[in-house]
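A.B. asks: Residues per chain are reported as follows:
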Amino acid sequence: MSDNHSVPDFMRTCRFVFILLIVFTVITVAVSKVDFGHHFLNIGVGLLIATFKAFLVAAYFMHLISEKKLIYTVLGFTGFFFVGLMFLTLFSYADFPTLGGEQPEVAHVEGAAETHHEAGADH
Amino acid sequence: MEIPYNSTPRPDTGLYNAKVGIWLFLASEVMLFGALFSSYILLRVGADPGMWHLRPLNIWLGTINTGVLIFSSITILMSWANLKMNSFEGFRKFMLITLLCSVAFLVIKSIEYGSKFSHGIYPKTDTYYAIYFTLTGLHALHVIGGALVNLYLWGPGSKMWKTDPERFTNRVEVSGLFWHFVDLVWIFLFPVLYLL
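Same order as they appear, the protein sequences are chains A and B.
Those letters in the first sequence? Residues 1 to 123, per our numbering, in order.
Those letters in the second sequence? Residues 1001 to 1196, per our numbering, in order.
Just so you know, these hints were derived from the structure itself, not from any lab.
Beta carbons: idealized from backbone N, C-alpha and C, even for Gly.
Each hint can be trusted.
Stretches of chain A that chain B covers, calculated by requiring three or more beta carbons in the stretch to come under 8 Å of a beta carbon on chain B:
1. 47–57
2. 62–74
Simulated DEER-style distance windows between Cβ atoms:
3. Leu20/A <-> Ile1064/B: 14 to 22 Å
4. Met1160/B <-> Phe87/A: 40 to 48 Å
5. Ile22/A <-> Glu1166/B: 27 to 35 Å
6. Ile1059/B <-> Phe81/A: 30 to 38 Å
7. Asp35/A <-> Ser1115/B: 25 to 33 Å
8. Ile1041/B <-> Val34/A: 21 to 29 Å
9. Val83/A <-> Gly1145/B: 20 to 28 Å
10. Asp35/A <-> Tyr1005/B: 49 to 57 Å
11. Tyr1005/B <-> Leu20/A: 29 to 37 Å
Please take these sequences and the hints and turn them into a complete structure.
C.D. replies: Encoded structure:
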């Protein structure tokens, strides 16, 4: 908690944040019933609200809005590796068809056979 | 020899020991849940088209549990604030409410699990339920762990208030930080598993 805020003031803020969190929980459920046209939009909106709620918890309940520099440093490293963890997973998924750096020859079997035949004729 | 900076902040960092410790621990927790969330993403995007769909989870129970956890977050803050204002009785009252909330959360969760088991649904049923039980089970373990620490602070651990009030207040703050993290994880678990 910030040194320049009194405890009652801080708690007043936290009670307001609590009401916001409850309201946004209801909004999350309500929004999930709405069809935004594409399922990815629904997921995006849902995760956006969840991220905002997480920000409220981290910033006010966990006092991160006015924390010491060392804590921010620790969280900076954590955030970096967390994002890395997420992207590595997605990159590995996206890289699946070209494992080993070779292009797969499954799409056009006949063409591939011809190429192989021509390559063999060159020898 | 007394360990320095147990209750008073270290001058250069402005932090007492336990606060640095809990944030380092929470950093490792972020990576633990992050690994499971990335597993969830990989399973979901890797599923054959049309094969990933939400299973019939009880949205209302999930919503109530979300409310219970958010409410417990504010009550544990209130318990800490009461200590800051030298009200030990206030601390006891709000910490007890926090404990009751954690029990309520676990009871609701066990009702959900019981309903699934009674229908023959287990983690082995399919990929969705495997990740559902893994994520919610690990989260429930964290709720149990946090509740046990809070129970200790409410019960026998509260004797420290008489001998070293500053350090006891710090302990409650640290326990609260863990509890807020448990709340934070659920804020993502709820929409991801129940709604989206």
